[in-house]
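J.: Top line first, the protein sequences correspond to chains A and B.
Position 169 (the first sequence) corresponds to 169 in the working numbering; numbering is contiguous.
For any residue, its number in the working numbering is found by taking its place in the second sequence, counting from 1, and adding 369.
Treat the hints as calculated values from the structure; they're not laboratory data.
Even for Gly, the Cβ is constructed at its ideal location relative to N, Cα and C.
Be aware that one or more of the hints could be misleading.
[What the hints assert, rightly or not] Cut-off 27 Å, straight-line C-alpha distance, at most; resulting in silico cross-link-like pairs (DSSO-like, lysine-lysine): (1) K239/A - K362/A; (2) K440/B - K91/A; (3) K452/B - K35/A; (4) K79/A - K452/B.
[Claimed, not checked] Here are some chain A residues the structure puts well away from chain B; computed CB gaps all over 10 Å: (5) A112; (6) L115; (7) S117; (8) H189; (9) L193; (10) Y201; (11) E206; (12) N219; (13) V240; (14) Q279; (15) T280; (16) K281; (17) I294; (18) D343; (19) I344; (20) S360.
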Amino acid sequence: MKVSRKKLFIAFLTIVVPAIGAILIIISGDKPPVKEFAMARKSISEARSLRSDIYSEDLFYQSEYMYDSAIACWKRENKKFFISRDFTKVKDLILLSAELAEKAKGQSLERAAELKSGLKISIDSLMNEINKFQCLFDKLPVPESVRTDNNRGRLLLSEAIIAYEGKQYALCNEKLAVSADYISGSYKHAKELLTDYFKNYQDWQEKARQNIKFSANTNSYTILADKFSRQCFVYSKGKVKYTFGFELGKNWIGDKRYMGDKATPEGHYQVIEKKEGRQTKYYKALLLNYPNEIDRQRFSKDKRNGSLLKSSEIGGLIEIHGQGGKGTDWTDGCIALMDSDMDILYKLAQRGTMLTIVGSLKPVEDILK
Amino acid sequence: MKNKILIGLTTLGVVTLLLSGCSKVPQTELDSANSAIEAAKTAGADLYVPDAYAALQDSMKVITEKIELQKTKIFRKYGEVKKELNAVTIQANQVSEQTEVRKTEVKTEVQNALAEVKTILQEDKQLITKAPRGKEGSAALLEIKNEITIIEGSVDEVSKMLEGNQYIQALDKVKAAKEKASSINAELKNVIAKYSGAKR
Numbered sequence: 001m002k003v004s005r006k007k008l009f010i011a012f013l014t015i016v017v018p019a020i021g022a023i024l025i026i027i028s029g030d031k032p033p034v035k036e037f038a039m040a041r042k043s044i045s046e047a048r049s050l051r052s053d054i055y056s057e058d059l060f061y062q063s064e065y066m067y068d069s070a071i072a073c074w075k076r077e078n079k080k081f082f083i084s085r086d087f088t089k090v091k092d093l094i095l096l097s098a099e100l101a102e103k104a105k106g107q108s109l110e111r112a113a114e115l116k117s118g119l120k121i122s123i124d125s126l127m128n129e130i131n132k133f134q135c136l137f138d139k140l141p142v143p144e145s146v147r148t149d150n151n152r153g154r155l156l157l158s159e160a161i162i163a164y165e166g167k168q169y170a171l172c173n174e175k176l177a178v179s180a181d182y183i184s185g186s187y188k189h190a191k192e193l194l195t196d197y198f199k200n201y202q203d204w205q206e207k208a209r210q211n212i213k214f215s216a217n218t219n220s221y222t223i224l225a226d227k228f229s230r231q232c233f234v235y236s237k238g239k240v241k242y243t244f245g246f247e248l249g250k251n252w253i254g255d256k257r258y259m260g261d262k263a264t265p266e267g268h269y270q271v272i273e274k275k276e277g278r279q280t281k282y283y284k285a286l287l288l289n290y291p292n293e294i295d296r297q298r299f300s301k302d303k304r305n306g307s308l309l310k311s312s313e314i315g316g317l318i319e320i321h322g323q324g325g326k327g328t329d330w331t332d333g334c335i336a337l338m339d340s341d342m343d344i345l346y347k348l349a350q351r352g353t354m355l356t357i358v359g360s361l362k363p364v365e366d367i368l369k
Numbered sequence: 370m371k372n373k374i375l376i377g378l379t380t381l382g383v384v385t386l387l388l389s390g391c392s393k394v395p396q397t398e399l400d401s402a403n404s405a406i407e408a409a410k411t412a413g414a415d416l417y418v419p420d421a422y423a424a425l426q427d428s429m430k431v432i433t434e435k436i437e438l439q440k441t442k443i444f445r446k447y448g449e450v451k452k453e454l455n456a457v458t459i460q461a462n463q464v465s466e467q468t469e470v471r472k473t474e475v476k477t478e479v480q481n482a483l484a485e486v487k488t489i490l491q492e493d494k495q496l497i498t499k500a501p502r503g504k505e506g507s508a509a510l511l512e513i514k515n516e517i518t519i520i521e522g523s524v525d526e527v528s529k530m531l532e533g534n535q536y537i538q539a540l541d542k543v544k545a546a547k548e549k550a551s552s553i554n555a556e557l558k559n560v561i562a563k564y565s566g567a568k569r
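Can you build the whole structure from these sequences, using the hints too?
T.: See below:
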């Protein structure tokens, strides 16, 4: 069978020419942004290694989203007939992705550095607050829950420090926030308790002044007990002769209100009996005239207005006695001195010796400083 | 002769069409690679071996780009992509194994630390009974008892985290608990040593 030249020419036109044309169009046609993709991928990878997913979350995820969008767009373009493919949008998207990743890298470095120094400051500040809590409220009968909160905060602070040392700044930040809630909350609670207690400070000052003046005017010994500092001063002729430390009851803060509250009364009292030997189980003791007239009046008023139960009793047997030095508040409201100190005080005190008990001789502002 | 040329041109045209339109994306390999990466993530690779997991993700991105690039060509070649996909699948399976190994390591570390903390806390409680109760002592011991209670609470939380397979979070927590229990231990031993020294 012979093929004419004409048929051959037609075959050439229908197969070879379009094939060559197609090749030429593809070669000269729009190219996908391969280099830009590599660049964006590298930037995203670097941003991830700088923990941009944490420190520059928005930019990082936007960058990843733009990368995925660029791929999706590329796929869409690939589905089109090769002549009508246009990669302009793909290029725009991938360039935007790279730009966002670069920004995320910069922001991550900056924020991580900022967070690191901020965390250091927060850690130091919380440590300081813990120390202040220990110094100020160590002997304060703060509720068990407050002390527990403080200890919980301290443990969380330790966890935060471990995270900080492991360069897990975001985790450290989270733990610090919870720790700060516990530590600051417990400090605030304890401070409120203390400030509330000190509302009687002016009255304490006045009573202390009267006690010292009495010792100066009568040429006799007087005793002034400062519950907050746990110091007992023996005055003679208006001057301090002796200073003794002491211990109180568990609930020493506040004035005594009723029997069994383990509180130590505040105000002016007198020694009404000296006890030693079989008369006391606490080595030596000076019995005070609690309740005095003021205590009785207040107790009756509290019962009348319902702030105390009708069945409440006023209590008594408040003493200064020995067997102190246990290192904790253990009495039922009495003042416990070490036996050696009690020996001295016992000799100096007589029936009628004035004893003034005050909450504190220092203002709360000085204490909080 | 002319007939042969016509047949040759027709064959060339058919082959061109076949090469340009019929070379397929290695979907099976692609699916296997994606499944293997997903399995690695489910195993916790992003938490336990984050660098290896990130490398997998990067490799997959490179392959996706290569596939799309091939789609733009007349003569598509997926041979290299296929090899790379198989390599990623193997790599992802290895990452899953590494994750399990690391998980077990962390779990063991937590369990050991937890056992140590419990032992230290027991010792702390014993030491409290021997500690001096003199001046300042009793108040300090009360404070220490409170701290021990808090640490015990933290130990319970760690145990729950272990049960919930949250090993990394548990590790940080147990480290802090151990540090605190150890510092109490050292403090108590120090006080007892001083006290017994003074008694002699």
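J.: None of the hints should be skipped; say for each whether it holds.
T.: A quick look at each hint next to the structure:
1. K239/A - K362/A: Within the cut-off at roughly 18 Å; holds.
2. K440/B - K91/A: holds (17 Å)
3. K452/B - K35/A: Within the cut-off at roughly 22 Å; holds.
4. K79/A - K452/B: It holds: about 24 Å lies between the C-alpha atoms, which stays within 27 Å.
5. A112: holds (16 Å)
6. L115: Label holds. Min Cβ-Cβ 18 Å, cutoff 10 Å.
7. S117: Consistent with the label, S117/A stays out of reach of chain B, its closest Cβ about 22 Å off (over 10 Å).
8. H189: holds (15 Å)
9. L193: Given that every Cβ of chain B is farther than 10 Å from that of L193/A, nearest at about 17 Å, it holds.
10. Y201: Consistent with the label, Y201/A stays out of reach of chain B, its closest Cβ about 25 Å off (over 10 Å).
11. E206: Given a closest Cβ separation of 31 Å, the condition holds.
12. N219: holds (34 Å)
13. V240: V240/A clear of chain B: closest Cβ-Cβ about 22 Å, beyond 10 Å.
14. Q279: Given a closest Cβ separation of 26 Å, the condition holds.
15. T280: Consistent with the label, T280/A stays out of reach of chain B, its closest Cβ about 21 Å off (over 10 Å).
16. K281: holds (19 Å)
17. I294: holds (32 Å)
18. D343: holds (17 Å)
19. I344: With a cut-off of 10 Å, I344/A remains clear of chain B, as the shortest Cβ separation is near 18 Å.
20. S360: Label holds. Min Cβ-Cβ 19 Å, cutoff 10 Å.
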